[in-house]
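Asker: Each chain, written out:
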Amino acid sequence: MTRTRSTLRTAVAVAASALALALAACGSPADAGPSMQVWVLQDKALNPVQQKVTDTYNAGKPSVRAAVQPFANDPYKQKLQTAIGSPNAPDVFLNWGGGNLNTYVKAGNVTDLTAALDANPAFKNSFLPSVLDGGKINGRYYGVPMAGVQPVILFFNKDVLAKAGVTAPPATWAAMLAAIDRLKAAGVIPIALAGSQAWTELMWLEYLLERVGGPQVFADIEAGKPGAWSHPAVLTALTMIRDLVDRGAFGTSFGSVGQDSGGADALLAKGKAGMLLMGSWEYAGQLSTAPEFVQNGRLGWAPFPAVEGGKGDAKAVVGNPSNFFSVSAKSAHGPHAISYIEKTVTSPDYVSGLIKIGQVPAVAGLSAQLASGPNASYTTFVYDMVKDAPSFTQSWDQALDPATAQKMLTNLQQVFNKQISPQQFVTAMGT
Amino acid sequence: MAREPRSGRPGLVWAVPALVYFAALALFPMILVVGLSFCSWNGLGDPQWIGLGNWRKLASDPQLGSSLWLSLETGVVTWLVQTAICLPLGVWSAGRQRSRAVVSTMFFVPLLMSSAAIALVFSALLDPNFGLAGLLGPWLGVDDGNFIGSPGLAIWAVMFVITWQFVPFHTLLYQAATRQIPVVLYEAATLDGAGRWRQFFSITVPQLRNSIVTSSVLMLVGSLTYFDIVLLLTSGGPGTATRTLPLHMYLTGFSSFDMGLGSALATLLLIAGTALSLLVVRVTGFRRMASVREGL
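Each protein sequence line maps, in turn, to chains A and B.
Sequential numbering of the first sequence, starting at 1, is according to my numbering.
Sequential numbering of the second sequence, starting at 1, is according to my numbering.
Only chain B is shown next, with the shape it has when bound in the complex:
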């Protein structure tokens, strides 16, 4: 019996460039931020150690609860809406028909635009006097088209733009995953008399389970970093109506120049993001790495 070649797993050395990169540009700044959260610093001079001062300030920060809630709301709503759109759309666009390919290509355009470009386009569209908001507003019960300027509606406008931005990406995930599903499953189901809907719910959705988890983690954890769109569209306004957690962090650190408190917020975000992704992975059983193709 010929000796099997050593299994293809490369040694640790192979990971060194990535590890160095990660350590220098992610880990090291993260440690600095955690350290800075115990200091008072406005960017001038040297940071002063103040122990738990920032964390106490954070505990009594009236904006923190509202920012947390806004981030949570944005995360959950955009996750639900995007999944409801992306899953069927991805499955549909996985079909090999040429018409679908053409429509899909057009649909992926937002993926090519930077967040800044998207935000600028939408601030023009949401202008109540010269944009689409004034025209479409009356149809949606907002006669004067005052979406991003209304404390109640602004966050929904932000969520709409975020959804618009990320739907193509998640659709692409589902499209690719759908194309991986073995055709034999559908052929067998057809022979057994399963209809379109039955096939979708009994074959497609279970087969896409891992993609659903991946996409959900990306969306939920990603929602903690939705920042650029909000900054450019509303700057957290009107008032504090769209001041999500990452924006609160940025404004505290870089507009109020309270780097210590900003770092405490950043640390909080770091913990929240890590906890959230661990939670999703655990709840969905993704960690078991169970195959959806066992027996095929």
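Same shape as in the complex, but just chain A:
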């Protein structure tokens, strides 16, 4: 899951393979003197910030200059997949950490950054530890956070909750179930869910498993330990989901609602639904599509509720820790690439640039800077949530290998649609 999920996201996917081929045919631009390629995602807000710090880096007259190359989101993954082992590999490349990065690490395409980080403790300690861990594979660091944190947050419509007699966002699962019943009685959809896109349903499973079983259950699944899917907490979490569906927590037509098409966002903003579980990018999304809803203070946010009797810490978060910069093993400019990363991603210009465009950097000690910036109450909430989190579990569809992730999303959607039972999900994933 990335922040750039827009309405056109999937439309772009159609042209993706053709484009990927076309891009693969292109070489690197001829430039005076040696230069290294820095691959990033196209992002109208972030790219100028990246360009600025890169210009500053190049102005220091390094022996190898850095050149930033932005790519569209969906073709990027395919482009990277085919280029990383080839002579056209980039020197520095953006990735999502976790399983995505692990694929490249396993193929021997990524430079181990552990020694470099240990040699520069000031740099290493400048990151929020739970986020920096997103770039760790088998105890070694292969990626460094280079964008804002994106935890999944429970958003709500304050008016709708108040009208239904729900005075505070639910802090416990019992309160959640009570709120659902009240919202239902008030004639609104308790929770907006974009069920036509399974990754939105996945957020429920991610948080419930985290609360019920703690972070180790998914860590085992991610590590591919045999029988990991059969952990009783998985079945419990899925049964809770099924209970939500049976209660009508998501209404009856959630399967037709889309996230990319804005269907779920509109339900929340127009007061037709009470709550929405979504990545932190939801705030910026609502701010652009329903500015008055946000500016009038009707949009509320809260951590995912605690589950009574669960093993997980109520402060643990799930979502996308960050995007990461890694150095490809094929790079002819390895030390320069590492130096580029060290000199840019925590530089004051970069950090303030991120805050200015509404992102919450994964850098320690920013409370005061965020409090005086735009959307301070929201960015401070996100920052504190991640700063205080004992663990930050990466979105499963990013953390798992692509084939398993596909299978899991399909099966999960079938659980939500009552086509298969929670037990059948466990059985299907276990084989």
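What you were told as hints is all true, and nothing was included just to trick you.
Here are the computed lysine-lysine pairs in the DSS-like style, where the Cα-Cα straight-line distance is at most 27 Å:
(1) B/57 to A/407
(2) A/225 to B/57
(3) B/57 to A/106
Since the hints were made in silico from the structure, they are not lab data.
The model shown is predicted, which means the values in this text are computed figures rather than measured ones.
Once you have looked at the hints, place chain B on chain A.
Answerer: For chain B alone, coordinates are given in the frame of chain A:
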């Protein structure tokens, strides 16, 4: 007797640009795909030769049967529905009346829209809360407007959109073909006392035979490539309810990054498409190239 100029058929040289183009962009990739179907490759590193591994996996793939059936169902249903709509509509719009011309022009609008645009429009229309689906649903027995989210209905919603997209094109085929039918046939039939219906079934439909075959081949073989609409509308969901064969191929290759298995699926599609078009052409006797105007 003056020697007849050499008949107008140009030599093979004339076909070279087209052949080169076809070989480089169709034939060559096709051969690569067939080769890749015997390899294991996730896009990283070099493909590993694994012989029949992917084909064995394919034989035991639980999704394959369902995907095949969905593609077949989509193909046959959209072919029947589209033909039932396009043939009469094409004949009707072939009339020279100005009102028909105006209505036809409006009707051809979907032809100008890209598949991506059509899919985005329909995902908005099919939104149960803010789209037309919520309003029209109760009339169709779906109270909550849950079309693309319902495992039973999603494929029908997809077929509806596909039909909407392609009806104008096939109508255009029939309209053009109808205008080619010699007026004398109708004049003679009128003199003989044949009514409107009789004329339609005894003159128009037989005269359109070749167009019907062309349109059917395009629809049936085309149904094996219905992909963009499905991807953008449902991504094959809910669950696997609309995971047609081409979509199954795409998701296997480009989402699961199992390029070998994806290539095996692509090869299967290639064979199925070729077989289907040969079959239709043979069954309809299109190959004989018999004229429908003999004796005119």
